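Engineer: Sequence:
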Amino acid sequence: MSKKDIGTSLALYPSLIVVIGAMKEDKPNYLLVGHLGILGHDHYIVSLSKTHYTNELIKENKSLSINLVDEETLEKADYVGCVSGKKIDKSEAFNYEIGELHTPIITEAPVSIECRVEDIYETPGFENFILVPVHTFVADKVLNEKGKIDYQKLKPVLFEFPTYQYLKTGDVIDACMFTKKQTR
1 MSKKDIGTSL
11 ALYPSLIVVI
21 GAMKEDKPNY
31 LLVGHLGILG
41 HDHYIVSLSK
51 THYTNELIKE
61 NKSLSINLVD
71 EETLEKADYV
81 GCVSGKKIDK
91 SEAFNYEIGE
101 LHTPIITEAP
111 VSIECRVEDI
121 YETPGFENFI
131 LVPVHTFVAD
141 KVLNEKGKID
151 YQKLKPVLFE
161 FPTYQYLKTG
171 DVIDACMFTK
181 KQTR
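Heads up, the sequence shown is in this note's numbering, so the first residue is 1 and it goes up one at a time.
There could be a bad hint or two in this list.
[Unchecked claim] FRET-style restraints, in silico, Cβ to Cβ:
#: 1; residue 1: Met177; residue 2: Glu25; range: 42 to 50 Å
#: 2; residue 1: Gly37; residue 2: Asp174; range: 18 to 26 Å
#: 3; residue 1: Tyr166; residue 2: Ser2; range: 25 to 33 Å
#: 4; residue 1: Tyr13; residue 2: Thr51; range: 15 to 23 Å
Calculated directly from the structure, the hints in this document are not laboratory data.
Just so we're clear, the structure is a prediction, and the values are computed from it rather than from any experiment.
Backbone N, C-alpha and C fix where the C-beta goes; we use that ideal spot for every residue, glycine too.
Please build the complete structure, drawing on both the sequences and the hints.
Structural biologist: Below is the structure:
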């Protein structure tokens with residue numbers, strides 16, 4: 001084989017980063033997260049180290065918000081990823097509104113998704129929250145003329161794990177399924 005085996009690696013990075021919001025009574029807590037994904041068309045997964053304070057809040061409320069990070073919200077997002085909610089009150093890190101599922105919806109986030117926890121799948125050292133999206137709130141500035149999210153406008157931030165760097169997005173390479181169109 002012409003490729004080099006580098007062993008076990010987190011080679012699926014870079015990944016979208018988001019700020020997870022969960023409530024402790026009447027105060028929000030936030031956590032920057034890079035371990036997340038899509039499970040089919042109607043479920044998400046968020047994977048958190050079992051040591052995170054936020055996990056207990058999510059389990060208490062059976063809900064959380066997922067707030068996409070763009071360049072405008074990156075500084076605050078990075079901050080909530082660097083300090084623990086066990087030690088520091090992060091409730092004022094963002095402006096927010098309370099969603100129907102009692103989650104903090106970050107008002108300056110371009111996209112916020114309110115989710116219900118359907119299940120928790122444990123792996124060594126991690127709790128993986130299986131989520132059902134219930135509400136998706138999108139800022140007008142990132143919608144296209146058809147009312148859909150325009151990712152060229154949104155430009156979500158990506159996180160590259162091995163080097164701990166944030167990356168820009170936003171350029172279109174080509175239309176999806178372009179190979180099929182070229183062969184017609």
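Engineer: Within 25 to 33 Å: is that where the Cβ-Cβ distance between Tyr166 and Ser2 falls?
Structural biologist: The hint (25 to 33 Å, Cβ to Cβ) holds, given that Tyr166 and Ser2 are roughly 32 Å apart.
Engineer: Taking the beta carbons of Tyr13 and Thr51, is their distance inside 15 to 23 Å?
Structural biologist: Check passed, 21 Å falls within 15 to 23 Å.
Engineer: So the hint says 18 to 26 Å: do the beta-carbon atoms of Gly37 and Asp174 match that?
Structural biologist: holds (24 Å)
Engineer: Just tell me: holds or violated, for the beta carbon distance of Met177 and Glu25 against 42 to 50 Å?
Structural biologist: This hint holds: roughly 49 Å between Cβ atoms.
When the structure is compared with the earlier hints, no violation turns up for any of them.
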